[in-house]
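Following the hints, put chain B in place on chain A, whose structure we already have.
Residues per chain are reported as follows:
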Amino acid sequence: ETGVTQTPRHLVMGMTNKKSLKCEQHLGHNAMYWYKQSAKKPLELMFVYSLEERVENNSVPSRFSPECPNSSHLFLHLHTLQPEDSALYLCASSRDRALDTEAFFGQGTRLTVV
Amino acid sequence: AQKITQTQPGMFVQEKEAVTLDCTYDTSDQSYGLFWYKQPSSGEMIFLIYQGSYDEQNATEGRYSLNFQKARKSANLVISASQLGDSAMYFCATISGGYNKLIFGAGTRLAVHP
Chain A
1 ETGVTQTPRH LVMGMTNKKS LKCEQHLGHN AMYWYKQSAK KPLELMFVYS
51 LEERVENNSV PSRFSPECPN SSHLFLHLHT LQPEDSALYL CASSRDRALD
101 TEAFFGQGTR LTVV
Chain B
1 AQKITQTQPG MFVQEKEAVT LDCTYDTSDQ SYGLFWYKQP SSGEMIFLIY
51 QGSYDEQNAT EGRYSLNFQK ARKSANLVIS ASQLGDSAMY FCATISGGYN
101 KLIFGAGTRL AVHP
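Protein chains in written order, with this note's numbering: chain A, 1 to 114; chain B, 1 to 114.
Any given hint could be a false lead.
Think about it this way: if two alpha-carbon atoms lie no more than 27 angstroms apart in a straight line, the pair counts; the simulated DSSO-like pairs of lysine-lysine are [to be verified]:
no., chain 1, residue 1, chain 2, residue 2
1, B, 101, A, 19
2, A, 41, B, 101
3, B, 101, A, 40
4, A, 18, A, 41
5, B, 101, A, 22
6, A, 40, B, 3
7, A, 19, A, 41
8, B, 73, A, 40
9, B, 70, B, 3
Quick partial rundown of chain A residues pointing at chain B, CB under 10 angstroms, derived from the structure [as the list claims (entries may be wrong)]:
no., residue
10, 33
11, 37
12, 45
13, 92
14, 101
15, 102
16, 103
17, 106
18, 107
Hint data in this document are derived by calculation from the structure and do not stem from the laboratory. Here the structure is a predicted model, which is why all the values come from computation and not from measurement. The beta carbon of each residue, even a glycine, is placed where N, CA and C say it ideally should be.
Isolated chain A, as found in the complex (with noise of 0.2 angstroms):
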């Protein structure tokens, strides 16, 4: 298998709920990063981890709560969640830190807090 894969696609989860997404890259690559997609609004950063090291942290709250164990797979913790957290959460990494370095993405899990 190759790309970023990233389960589950779907996820609908109460606000007293614990739930974790799930990110993997085949890639080789030494960087991953969690975007979060609301409708109507910019991408926005979460977290960016390098060689399994989060070196990023924009301001996220603590019920997001995210794991590198190693540098192909990506975790995000989920707990206590909000319906405005409901977003495309977006899973990517990058070979590293070069400037012509493009990320690839994985297709996303769609998360509804209800």
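Here is chain B on its own, set in the frame of chain A:
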């Protein structure tokens, strides 16, 4: 901070015609990269084309070309010979020094009519 502005929320074009999607950027960095991504209804972000700030020639990739005007800080995407499968959201993005944080614009929805 970097910023991307896409002023066209929606565009439509006749099949086989060319279309230009506008993008202006704001950055204080001397070195930066500019990207265009396509997002079909499936959700995945698909990389289309890249332009580096020091590239003297406009980037081209098949039917896609980037009209890069550095002095005006614009990086418009030109799609030639539009196809029905080009109907999607198109995002302009920039990247700057440090980790590969893509900053996206709000996007333009393109509809190709037969």
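Cross-check of the supplied hints:
no. : hint         : result
1   : B:101 - A:19 : 26 angstroms, holds
2   : A:41 - B:101 : 17 angstroms, holds
3   : B:101 - A:40 : 21 angstroms, holds
4   : A:18 - A:41  : 26 angstroms, holds
5   : B:101 - A:22 : 20 angstroms, holds
6   : A:40 - B:3   : 17 angstroms, holds
7   : A:19 - A:41  : 24 angstroms, holds
8   : B:73 - A:40  : 24 angstroms, holds
9   : B:70 - B:3   : 15 angstroms, holds
10  : 33           : 8 angstroms, holds
11  : 37           : 8 angstroms, holds
12  : 45           : 6 angstroms, holds
13  : 92           : 7 angstroms, holds
14  : 101          : 6 angstroms, holds
15  : 102          : 4 angstroms, holds
16  : 103          : 6 angstroms, holds
17  : 106          : 7 angstroms, holds
18  : 107          : 4 angstroms, holds
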